Each structure stands twice: as structure tokens, then as C-alpha cells.
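Just so you know, the protein sequences line up as chains A and B, in that order.
So for the first sequence, our numbering puts the first residue at 68; every next one is plus one.
So for the second sequence, our numbering puts the first residue at 62; every next one is plus one.
Hints may contain errors.
Unchecked claim - Output of the computed footprint for chain A on chain B, the stretches with three or more beta carbons under 8 angstroms from beta carbons of chain A:
| id | region |
| --- | --- |
| 1 | 91-103 |
| 2 | 185-192 |
| 3 | 196-207 |
| 4 | 210-222 |
Hints are computed from structural coordinates only; laboratory data are not their basis.
If you're wondering where the values come from, they're calculated on a predicted model, not measured in any experiment.
Backbone N, C-alpha and C define an ideal beta-carbon position, used for all residues, glycine too.
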Amino acid sequence: MLSTRVIPCLDVHNGRTVKGINFINLKDAGDPVEQAKKYSCLGADEICFLDISATNEKRKAMFNVISKTAELCFVPLTAGGGVNSLDDFRKLLNSGADKVSINSAAVYNPTLIRESSEKFGNQCVVLAIDAIENKIMPSGYEVTTHGGRKKTNIDVLRWAIKGVKNGAGEILLTSMNSDGTKKGYNLKLTKLISENVNVPVIASGGAGSPKDMVEVILKAGASAVLAASIFHYGVHSIFSVKKEMFKNGIKVRNHED
Amino acid sequence: MKLVIIDYGSGNLKSVENAFMYCVRTNNLKFSIEVTDNLNSISKADHIVLPGVGSFPDCKKGLQQIDGLIDLLTNEVINKGKKFLGICVGMQLMVDYSSEKKRTSGFGWLNGNFKKIKTSGLDYIGRNYKIPHMGWNNLQIKEKNHPVLENINENEQFYFVHSYALLTREINEIIAYTTYNQKIPSIIGKNNFLGVQFHPEKSGNSGQKFIYNWLSWVPES
Chain A
68 MLSTRVIPCL DVHNGRTVKG INFINLKDAG DPVEQAKKYS CLGADEICFL DISATNEKRK
128 AMFNVISKTA ELCFVPLTAG GGVNSLDDFR KLLNSGADKV SINSAAVYNP TLIRESSEKF
188 GNQCVVLAID AIENKIMPSG YEVTTHGGRK KTNIDVLRWA IKGVKNGAGE ILLTSMNSDG
248 TKKGYNLKLT KLISENVNVP VIASGGAGSP KDMVEVILKA GASAVLAASI FHYGVHSIFS
308 VKKEMFKNGI KVRNHED
Chain B
62 MKLVIIDYGS GNLKSVENAF MYCVRTNNLK FSIEVTDNLN SISKADHIVL PGVGSFPDCK
122 KGLQQIDGLI DLLTNEVINK GKKFLGICVG MQLMVDYSSE KKRTSGFGWL NGNFKKIKTS
182 GLDYIGRNYK IPHMGWNNLQ IKEKNHPVLE NINENEQFYF VHSYALLTRE INEIIAYTTY
242 NQKIPSIIGK NNFLGVQFHP EKSGNSGQKF IYNWLSWVPE S
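Starting from the given sequences, assemble the full structure and let the hints guide the process.
This is the structure:
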């Protein structure tokens, strides 16, 4: 039986892990390679790196982070943030990433999903969708880009279905309304997408406790759960999340020490 | 001992190389590892690893683009009995054919073919089955005494990512199964050659144990 994945996400800025709320007041939080190693020892099923550097020049540090992590951590690595072209894809995969997530570029360059999945296989193309509530949209949610700052007038459900049709092998779904609130994932949004696409959906945005993870899996059908801050600040560990999941009848990997 | 990892344009070569290097280093094994598409190097190697991600037809095409490679592999593995490991699509290529995108023939070392995993029905907590079968899953071991499964129990998990699964009646060649809506052969093989549907290079400590076992395995001749 397949385990439900728990995925910690590291925000990387100029090759260093940073912590901050909504990308403001960023504080240096150490070496991402060391943290990835720690997470992988603690039972992370995958590790996600999100590059939030502002310029391409500074993004180069990310390749180094990925290649060093890939030498030591033998779990799947996803890299994203500022991926704009097939060349970005290739560089991240060659550095040792197993999957690449694309967000804004998929919106502004709609052929990128198709091209990248044809070139590298759909197993490595993760479509990241940042959704906000908007009642005018048919599904009630609108796609945003640039970390939620730009609206696109694209319906989230239609976008997800189209992305899968074009070759995305997985969807990383973030509720921008829930992100940072620690009040739980957006169940309605997650359920809507996971019931209507046939690829795995990773729930993201809003995790505050292990119970939130259990809820989004059991009530909204998430295939995997992603969180950043609750793991960074040491409030909850990957282990405590898995223990809670296991207690609620969800199959996990390494729920015991 | 010389191990070659075959480079035919498949995306995850670096991961495979990293994981095998790590295993060799941490266990002080006497292996040299080369990533290559050179036929001469492959024929001189003691062990061959064929990785593979992406689609079956693309991987087949990648192999065909290296003149003589497929014939050489069959000669080394089937005729000369060289130790071989196929990973994911590398494993899928060992059988007759796959129906992914269009019917494409494999090496035909084993009977069987690959069909899309069924998505009908709901899982144990009421979710739809998703494709790819992506994530960590355990093995139901059929050949309990196979050397590559030493110290590996049925609770241990390995990382899978695939949409097509093997259908076969040649039950003797299945070493372990994995369940995802259907019974999926996850380790297959015969004599000196093995194929794994999961990614040992991405399967943490369990993957390292498997790689160690495979490297240490001496097939009966």
C-alpha cells in the first residue's frame, strides 16, 4: 500500500535557507544542504527547494545546493522558483533534482509544460498553482503568479485540468489565503482539485499542526502534504506528523524511530 | 570490479551514480564506477546498470541511437551471463513490449508486457487512485531467500514513480510484488539479471541496502 508523503519545503535565497513571513524580513536560517540532510534523516519522504532569489545571477547558487544535497540525500528532490525555460529544467535535473516545479512561467509560457514533459518525462514536471479565492471564477478560485501578487484571470480548476493534459505529472497546490495562517489547509480547494485530476495533488499552505495534515488527507483527498514553517521552527517534527497520520489510519513511512 | 552505468540520455544518471558511489564508499567495496555510452567500456565491465526515467518509447529511442548497444547488452547479459540491474524504465525494457503511447518492443529477455495501472475504485481511505503511482511503497516478497533481499523486510519502503505495470504469467521470474490498486511486480529477474520498478537510488537507507546486496550478489552460474 502506498504511503502518504510528508514533504518539508526549504526557502532558499542566494544559496542560504531563509525564514520569514510572506518573503518579508528574511532571516538567514543556515545551510540548506545541512537542513535537507537533517530532514531526510528524520523521515522526510521528499524534499522541496524553493528558490526565492530575485535575480538569475543569484539563482546559480541553487544548482550547487541541489548537487551537494543529491550526493548525500537519497530521497526525491524537487526544485522550483524562477524556472522559465527548458534550459532551467535541464540545469536543475543535471544538478540532481528529480522533479522541477513551475509556476509563473507555466502561465506566461503555456507550451513549457508540454515541452518539458515531452523532453524529460511527466514524472518530473510539477505544476505549482498558487490559488486565491475569487467568487467570479467558475470554481471559486483564481490562479495567481509572483507569490500571489499578480492575478491572472485564470480559473484554478480549468488550469489544473489543462496542466495535466499538457503533461504535468503532479500538482503542488497552494492556497494563498491559507498560507502563513497556520489555521489548516484549504480543504475545499484541495478536494476540488484532487477529485478532478488524475495525478497526485500535494496540499500546501496553512499547516499549523499534525492534525491539519490528517484532515487534508482524509477530508480532501490530498496525495501528499507539504509544509515549511512548522518544520523550520521545530514546533512539530516530521516524526510527530507521521505519528499522528498513522494514529488516524493513514499509511506512512518511518512513523517509528 | 568494474561497474558501468549506461548513459543514453536518461535524466537521472547523476542520482544513480551518486547512490552507487555512496554505497561503495561507505561499505569500502572494491568497485570502480563509470557512467558511459562506450560499447568497449560496457563489454569490459563486470556489472551493468541500466537506469531509466521518462517514457518507454523515449528510452528505447535513446538506446537505439547508440549504434549496437541493444545487441551488445543482450550478448553480455544473456549469452555471457554478466550481472545486470535495470531500474524503472530500465527494468521495463527487459520484457517483450510496453503499450505506453504506442506499442514498443523491449529486449525480450523475459515474457510480459506493460499496461497502464488501473485507476478505477477508491483507496483504503476513499481517495481516487492517481497516476503515476508516486511515492513510497513496500514489497511483498515472493522469493524470500533471494540474496538481493537480505536484511530487507516487507515493511521497508521504496520510492516508486511509474504509470505502467508489468502483466505476466511467468510467475517464476517475479521476486517481489507491490500493491497499488493491483498487484505490481516490483522486482523481477532470472539468473544473472534483475529489474526493479522502484528507484533504489532514491529509496533512502532501504535503497542503500538493496544496492549493497545487489553489488555483493554473486549469481549462480
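Structure-based check of all given hints:
1. Note: the region 91-103 of chain B has 0 residues with beta-carbon separation from chain A under 8 angstroms; the three-residue rule is not met and the coverage is violated.
2. Coverage of the region 185-192 of chain B by chain A holds [criterion: at least 3 residues with CB-CB distance below 8 angstroms; count 7].
3. Counting residues of the region 196-207 of chain B whose CB lies closer than 8 angstroms to any CB of chain A gives 4, which reaches the minimum of 3, so the coverage claim holds.
4. A stretch counts as covered by a chain when three or more of its residues have a beta carbon under 8 angstroms from one of that chain; for the region 210-222 of chain B and chain A the count is 4, and the coverage holds.
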